[in-house]
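Novice: Construct all of the structure, not just a fragment, from the sequences and the given hints.
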Amino acid sequence: MSLFEAQGISVRFGGIRAVDDVSFEVRKGEVFSIIGPNGAGKTTIFNLISRIYNSTDGKLIFDGQDITKTPPNQVAGVGIARTFQNIELFPNATLLENLLIGRHRHSSVGLLSQLAFLPSTRRAEIQHREKAEDVIAFLGLQRYRDALIANLPYGVRKVVELGRALCIEPKLLLLDEPSSGLNVEETEGMGFWIDDIKKDLGITVIMVEHDMALVNQVSDRVMALNYGKVIAMGTPREVQTHPEVIKAYLGGDLEDAA
Amino acid sequence: MRYLFRTEYRQDTSLARHGGDFFWYGLLLVAMIVIPMLMGEFYVGELGGVFIFAIAGVGLMLLVGYTGLISLGHAAFLGIGAYVNSVLLAKGVPFVITLPVAGLFTAACGAAIGLPTLRMSGLYLAIATLAFGSIVGTVFQKWTSVTGGFDGFPVPTPTILGFGLDGATGIYYVSLVVLIFVLWVTANILRSPMGRAMVAIRDSEVSAQSMGINLARYKALAFALSAGMTGLAGALFAHYVRFLAPDAFDVLLSVQFVTIVFVGGLGSLHGAIFGAIFVRLLPQFIAIVRDDLPFGIGRLPGLEPSLFGLVLVLVILFQPGGINGLWLKLKHWFTAYPFKRQTSSRRQKSYAKSERLR
Chain V
1 MSLFEAQGIS VRFGGIRAVD DVSFEVRKGE VFSIIGPNGA GKTTIFNLIS RIYNSTDGKL
61 IFDGQDITKT PPNQVAGVGI ARTFQNIELF PNATLLENLL IGRHRHSSVG LLSQLAFLPS
121 TRRAEIQHRE KAEDVIAFLG LQRYRDALIA NLPYGVRKVV ELGRALCIEP KLLLLDEPSS
181 GLNVEETEGM GFWIDDIKKD LGITVIMVEH DMALVNQVSD RVMALNYGKV IAMGTPREVQ
241 THPEVIKAYL GGDLEDAA
Chain F
1 MRYLFRTEYR QDTSLARHGG DFFWYGLLLV AMIVIPMLMG EFYVGELGGV FIFAIAGVGL
61 MLLVGYTGLI SLGHAAFLGI GAYVNSVLLA KGVPFVITLP VAGLFTAACG AAIGLPTLRM
121 SGLYLAIATL AFGSIVGTVF QKWTSVTGGF DGFPVPTPTI LGFGLDGATG IYYVSLVVLI
181 FVLWVTANIL RSPMGRAMVA IRDSEVSAQS MGINLARYKA LAFALSAGMT GLAGALFAHY
241 VRFLAPDAFD VLLSVQFVTI VFVGGLGSLH GAIFGAIFVR LLPQFIAIVR DDLPFGIGRL
301 PGLEPSLFGL VLVLVILFQP GGINGLWLKL KHWFTAYPFK RQTSSRRQKS YAKSERLR
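Each protein sequence line maps, in turn, to chains V and F. Following the working numbering, the numbering of the first sequence begins with 1 at its first residue and continues without gaps. Following the working numbering, the numbering of the second sequence begins with 1 at its first residue and continues without gaps.
Keep in mind the hints are simulated off the structure, nothing from the lab. On a predicted model such as this, the values are computed, not experimentally measured, just so you know. Glycine included, every Cβ here is placed at the ideal spot set by N, Cα and C. Where hints are given, some of them may not hold.
Stated by the list, open to error - Using C-beta positions, here's what the derived DEER-type ranges look like:
| hint | chain 1 | residue 1 | chain 2 | residue 2 | range |
| --- | --- | --- | --- | --- | --- |
| 1 | V | Leu-118 | F | Thr-144 | 24 to 34 Å |
| 2 | V | Gln-142 | F | Tyr-337 | 20 to 30 Å |
| 3 | F | Phe-339 | V | Lys-247 | 58 to 68 Å |
| 4 | V | Gly-140 | F | Ser-14 | 22 to 32 Å |
| 5 | V | Arg-123 | F | Ser-306 | 44 to 54 Å |
| 6 | F | Leu-310 | V | Gly-155 | 54 to 64 Å |
| 7 | F | Trp-184 | V | Arg-12 | 51 to 61 Å |
| 8 | F | Leu-326 | V | Glu-130 | 35 to 45 Å |
| 9 | F | Leu-317 | V | Arg-12 | 38 to 48 Å |
| 10 | V | Glu-185 | F | Ile-180 | 46 to 56 Å |
| 11 | F | Leu-310 | V | Pro-71 | 44 to 54 Å |
| 12 | F | Phe-339 | V | Gly-140 | 24 to 34 Å |
| 13 | V | Asn-183 | F | Pro-283 | 52 to 62 Å |
| 14 | F | Lys-329 | V | Ser-180 | 26 to 36 Å |
Stated by the list, open to error - Residues from chain V shown here face chain F by an in silico Cβ test under 10 Å; the list is partial:
| hint | residue |
| --- | --- |
| 15 | Asn-54 |
| 16 | Gly-58 |
| 17 | Phe-90 |
| 18 | His-104 |
| 19 | Arg-105 |
| 20 | Ser-113 |
| 21 | Ile-149 |
| 22 | Glu-161 |
| 23 | Cys-167 |
| 24 | Ile-168 |
| 25 | Val-184 |
| 26 | Met-212 |
| 27 | Asn-216 |
To be verified - Chain F residues, not near chain V, derived (Cβ > 12 Å throughout):
| hint | residue |
| --- | --- |
| 28 | Ile-33 |
| 29 | Glu-46 |
| 30 | Val-93 |
| 31 | Ala-112 |
| 32 | Thr-144 |
| 33 | Gly-149 |
| 34 | Leu-161 |
| 35 | Ala-200 |
| 36 | Gly-267 |
| 37 | Gly-302 |
| 38 | Lys-331 |
| 39 | Phe-339 |
Specialist: Right, dumping it as C-alpha cells:
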C-alpha cells in the first residue's frame, strides 16, 4: 500500500529544470532512497514535499490526502517530518528544548493558559517531556540532555536532528543526507538508527544519500536522479548496476570507456 | 558547584530551579519592599524609573532576545501606553482600569504593526519600525485635541482604592508589582510551547516552519505581547514624568531600549533588568562626572546619546553576552575555582549553515 505518492512534480529555477516531471510512490513501512550526482535535484524534491518550494506541475498525495497546496507549517501536522542536509537545529537552545519544539504540533493548550501557566499547561508540558525522554532513551542521548546545541559535536547534532524529527511522531520521515559530515563509524550507527526507526517505530523513511554503503545497508528501494529526471528505480542492486546510473556518475558512454 | 538531580518532570517546569532561588529572589523582593522606607524621595524615584525601564526592557527582550525581531519603534509603544492611560484618567476613568487598558490597547497596536511587517527581518524591520515610531511621534504632536500637542499634557494623579499616588513611593510600588507581573508572564511564556516556538523562529525560520510552527502567528503574537508590556511601562512612565510632551518619545528613547536589551544580554530576563539599571544610571553618572572631564568634553552637546552608542558598539564587539554574560562568567569562575581556563567561556566554532531558503 502506498503511503506517499508524487505525480509528475516539477520545479524550475530560471531556465533550469531542477526537478522535471518526477513521479514515484513510497510504500508504507519501507526505506526509500533517492540517489544521484550533485545538483540532480534530490534536496529540491525534499523541499517540494515539505512545501518550502511550490511544484509547478503535478500532485503530492500523502496518506490519501492531496498536500500539493498545504502551507509549509502544516506539513508537520499531517505527519511528515524532515531533517536538513547541513543541520538546522536551534543552536541557542538545549537539546531537550529542541526536542520539545519538535512536539509543537501536539500542543493544544490555549494562549491564556500558557500565559498564566495554568495546571492544564503544566500537565501538557509533563506529557511532552515524557515523550521527549522516550526519544532521548531511544537514541541514547541522555548525557547531552541539558547541553546547548551550539556546544555539541557535529555527529551528536546529527542524531539530535533525527530525534527532533521523531518527536513530531511522523508517519513519513524525510532524511536529507543523514551521513554527511559523519565518519565511517558514525555513519554505520546512523544506519542502525534508521533500521530501528523502520522496524521498531514503523515509520516510513525517504532518504537522500550519497554514501552507497549506507544506501545498501538500509534501503528497500532506490530511485536515481540526474538533471532532475528519474533515470532508474528498483532495489539497491538493480539501480547501482543500471547503465544509465553508471553513466551519470562516471560520465561518457559505456562503449567509449570500454 | 551545585548539581541538580531531577526526579520529577515537574521540577523541569518550575520557575525556581532549587531552594537557593527561593531564598535569593525572596531576599531581593524584601529588599525592594523596604527600600522606600530607608531611602530618600530622589533615590526611590530613580529606582522606580529603573523598574519602568525594566518592564519595557523585558517586553523588548521577548521580541529581540527571544524571537529575534528587532524594533526601533518601541518608544512609540511607550508613548501610546502613556497617552492612553493619561487621557483616560483625565476623563475620570479609575487607574485600576486605565493601566490594563493602556497595556491591551498597545498590544493591539503591536499586533497591527506586527502583521504587515511579518515578511521583514533584520535591517528592513528596523527601518519599518523606525518609520512607525516617527509616524506615531507626529500623531502625538498634531492630534492636539487629544494629546495637547507641544503644549504638553499634565498627567492626573492616579488613585488606587482611595489612596492618591502623588509621591514617588506610590509609583515605585505600583511599578514593582507590574514588573513582577511582567516577569512572571514572560517566564511562563518561555516555559510553554509559545516561548519555545519564538526561540525556534529566532534560531532557524525554515526549521521552525517544518516543525509546524506558524511563523506569522507567533511573530505577530511576539509583537503584541512585547508592545503590551511596553504599553504598561508607558502608563507608569506617564506618572513618573507627570507631564507628557510628544518629543519625549523619539528615536533616542527607542535606542535606549535597544541598549537595555543588548547591554543587558540578549536572551535573558536578568539581562533586561541589568540593562535597565545600566541605562538609567549612565545619565546620572554622566551628570556627576560632567564637570570634572578634561578638555571641556562635559560641555559638549550630545554627550549622552554618543556614549550610549559607544557602549552599545563596544558591548556588541567585545561582550556579546552583555552584563548578564559577564555575570555568568564571574559566577562560573567562582563555582569552578580553581579550574577556570582561558578557553572555558569560548564557544566552539559553528559549522556552515545550510542554504538559507529565502
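Novice: Taking the hints in turn, state whether each one holds.
Specialist: Now the hints, each set against the structure:
1. A beta carbon spacing of about 45 Å between V/Leu-118 and F/Thr-144 contradicts the range 24 to 34 Å that was offered as a hint.
2. One distance hint, 20 to 30 Å for the beta-carbon pair V/Gln-142 and F/Tyr-337, holds here, with the actual separation near 28 Å.
3. The hinted window of 58 to 68 Å between F/Phe-339 and V/Lys-247 holds, with their beta carbons roughly 60 Å apart.
4. For V/Gly-140 and F/Ser-14, the hinted distance range of 22 to 32 Å is satisfied, since their beta carbons lie about 27 Å from each other.
5. For V/Arg-123 paired with F/Ser-306, a C-beta distance near 52 Å keeps the hint of 44 to 54 Å intact.
6. The supplied range of 54 to 64 Å is broken by F/Leu-310 and V/Gly-155, whose beta-carbon atoms lie about 43 Å from each other.
7. Between F/Trp-184 and V/Arg-12 the CB atoms are about 52 Å apart, so this pair conforms to the stated range of 51 to 61 Å.
8. In this structure, F/Leu-326 and V/Glu-130 meet the distance hint of 35 to 45 Å, their C-beta atoms being roughly 37 Å apart.
9. Checked against the hint of 38 to 48 Å, the pair F/Leu-317 and V/Arg-12 passes, with Cβ atoms roughly 44 Å apart.
10. The beta-carbon spacing between V/Glu-185 and F/Ile-180, approximately 52 Å, falls within the hinted interval of 46 to 56 Å.
11. Under the hint 44 to 54 Å, the C-beta atoms of F/Leu-310 and V/Pro-71, about 45 Å apart, fit the expected range.
12. Remark: the range hint 24 to 34 Å for F/Phe-339 to V/Gly-140 is upheld by a beta-carbon distance near 28 Å.
13. V/Asn-183 and F/Pro-283 have their C-beta atoms about 56 Å apart, which keeps the hinted 52 to 62 Å range intact.
14. Range check, F/Lys-329 to V/Ser-180: Cβ separation about 35 Å, and the 26 to 36 Å hint holds.
15. Hint on V/Asn-54 is violated. Least Cβ distance to chain F is approximately 12 Å, over the 10 Å limit.
16. With 10 Å as the threshold, the beta carbon of V/Gly-58 stays out of range of chain F, its nearest partner Cβ sitting at about 20 Å, so the hint is violated.
17. Against a cut-off of 10 Å between C-beta atoms, the interface hint on V/Phe-90 holds, since the closest Cβ of chain F lies about 4 Å away.
18. For V/His-104, the interface hint holds, the least distance from its beta-carbon to any beta-carbon of chain F being 5 Å, beneath 10 Å.
19. Because the smallest distance between the Cβ of V/Arg-105 and any Cβ of chain F comes to about 4 Å, under 10 Å, the interface hint for this residue holds.
20. With 10 Å as the threshold, the beta carbon of V/Ser-113 comes within range of chain F, its nearest partner Cβ sitting at about 8 Å, so the hint holds.
21. A distance limit of 10 Å between C-beta atoms decides the matter here; for V/Ile-149 the minimum to chain F is near 9 Å, and the interface restraint holds.
22. For the restraint placing V/Glu-161 at the interface with chain F, the shortest Cβ-Cβ distance is roughly 9 Å, inside the 10 Å limit, so the hint holds.
23. Among the interface hints, the one on V/Cys-167 holds; its C-beta lies about 9 Å from the nearest C-beta in chain F, closer than the 10 Å criterion.
24. The restraint placing V/Ile-168 at the interface with chain F holds, with a minimum CB-CB distance near 7 Å, inside the 10 Å limit.
25. Here the hint on V/Val-184 is broken, as its CB sits about 19 Å from the closest CB of chain F, past 10 Å.
26. For V/Met-212, the interface hint is violated, the least distance from its beta-carbon to any beta-carbon of chain F being 23 Å, above 10 Å.
27. The interface hint given for V/Asn-216 is violated, since its Cβ lies 26 Å from the closest Cβ of chain F, which is over the 10 Å cut-off.
28. The non-interface label for F/Ile-33 is consistent with chain V: the shortest C-beta to C-beta separation is roughly 24 Å, beyond 12 Å.
29. A cut-off of 12 Å between C-beta atoms confirms that F/Glu-46 is not in contact with chain V; the least separation is 31 Å.
30. With a minimum CB-CB distance of about 24 Å to chain V, F/Val-93 clears the 12 Å threshold, and the non-interface call stands.
31. Annotated as non-interface, F/Ala-112 keeps its C-beta farther than 12 Å from every C-beta of chain V; the closest such distance is 18 Å.
32. No beta-carbon of chain V comes within 12 Å of the beta-carbon of F/Thr-144; the shortest separation is about 37 Å.
33. Even its closest Cβ contact with chain V, about 37 Å, leaves F/Gly-149 beyond 12 Å, as expected for a residue assigned away from the interface.
34. For F/Leu-161, the condition that its CB be more than 12 Å from all CB atoms of chain V holds, with the nearest at approximately 24 Å.
35. With a least CB separation of 5 Å from chain V, F/Ala-200 falls inside the 12 Å interface cut-off, contrary to its annotation.
36. With a minimum CB-CB distance of about 7 Å to chain V, F/Gly-267 fails to clear the 12 Å threshold, and the non-interface call is violated.
37. For F/Gly-302, the shortest C-beta to C-beta distance to chain V comes to about 35 Å, beyond the 12 Å cut-off, and the non-interface label holds.
38. Residue placement check: F/Lys-331 keeps its beta carbon more than 12 Å from all beta carbons of chain V (closest about 16 Å).
39. Against the 12 Å criterion, F/Phe-339 stays outside the reach of chain V, whose nearest CB is about 17 Å from its own CB.
Consistency with the previously given hints fails for numbers 1, 6, 15, 16, 25, 26, 27, 35 and 36, ordered from lowest to highest.
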